[in-house]
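A.B. asks: Each chain, letter by letter, is given below.
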Amino acid sequence: MIAYFGRRYTISASHRLHTDALSAEENRATYGKCNNPHGHGHNYVVEVLVAGAVDPETGMVINLVLLDELVHAQVIERFDHANLNLDPLFANRVPTTENLSREVFALLRDALPNGKLERVRVEETENNFFECNE
Amino acid sequence: MIFLTRRATFSASHYYWNPAWTEEKNKEVFGPCANRNGHGHNYTLEVTVAGEPDPVTGFVVDLKWLKSVIEREVLDAWDHRHLNLEVSEFAAVIPTTENIAIAAWKRLEPSVIQAGGARLSRVRIYETPEIFAEYRGEA
Chain P
0 MIAYFGRRYT
10 ISASHRLHTD
20 ALSAEENRAT
30 YGKCNNPHGH
40 GHNYVVEVLV
50 AGAVDPETGM
60 VINLVLLDEL
70 VHAQVIERFD
80 HANLNLDPLF
90 ANRVPTTENL
100 SREVFALLRD
110 ALPNGKLERV
120 RVEETENNFF
130 ECNE
Chain E
0 MIFLTRRATF
10 SASHYYWNPA
20 WTEEKNKEVF
30 GPCANRNGHG
40 HNYTLEVTVA
50 GEPDPVTGFV
60 VDLKWLKSVI
70 EREVLDAWDH
80 RHLNLEVSEF
90 AAVIPTTENI
100 AIAAWKRLEP
110 SVIQAGGARL
120 SRVRIYETPE
130 IFAEYRGEA
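From first to last, the protein sequence lines stand for chains P and E. Numbering that gives the first Met the number 0 applies: residue 0 is where the first sequence begins, and numbers increase by one. Numbering that gives the first Met the number 0 applies: residue 0 is where the second sequence begins, and numbers increase by one.
FYI, nobody ran anything at the bench for these hints, they're computed from the structure. Take these hints with a grain of salt, some might be off.
What the hints assert, rightly or not - Each computed DMTMM-like pair below joins lysine to aspartate or glutamate, with the alpha-carbon atoms no more than 20 Å apart:
1. Lys26/E / Asp54/P
2. Lys115/P / Glu133/P
3. Lys115/P / Glu137/E
4. Lys24/E / Glu56/P
5. Lys26/E / Asp67/P
6. Lys24/E / Asp54/P
Keep in mind that this is a model prediction, so the values were computed, not measured.
One chain only, chain P, in its complex shape (with noise of 0.2 Å):
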């Protein structure tokens, strides 16, 4: 049977959203607060959502501890204490938290060993998250 394994996660980390295709003013009046030059931090909760059969030896889709460490090697390890502007993934596209989660599943995707990735939800606050599945 299929069933999905959700586990979330959080890193700390700054970005300041700005992109050099627009002028300062255009920067500001799209990104407001969030385009200060020194930029701002967040609390980010990264949600991780594998799918896979439930394996009838061990009942699991995926085991906890195998996922804690890929994401960990994976996103923790890159992003957290993270300035996301200084990120090189992120040298020529605004560190938005779509963006982020665009490339959080990037990372995720090829690496898990078994079992398939089905979602990542990025949490920017508690009132905003994005998700990305593909």
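Starting from the structure of chain P, add chain E where the hints point.
C.D. replies: Frame of chain P, contents of chain E only:
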């Protein structure tokens, strides 16, 4: 199509153990969850049904009815119980979060089908605020 979710909580104990394995292998795979004295959680169960709002009542289902089904079918059997030792479906199935989600679906689906109208769409079980499993009825 509207999706309507009702949440409920229950507290239960369990352990993870595959009797076909050695003690060593159980501890290796399941870690602290293999402690045979068991441990417990405050589980949160989310039950989602899907359907069209009734033209007269505006309800997909009556929430009071859904609450009573969850209490009768799941909470009465599982709340303040040891899942491995006292709940029949886990006599030979390890009560992982995944298997608990599937078992909750099996307990709830007949009542939802019998009522007609909305269908059971998803069952999600939180073992802790950070760990959950869900089942959507897929084979």
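A.B. asks: Any hints this thing doesn't respect? Which numbers, in order?
C.D. replies: none
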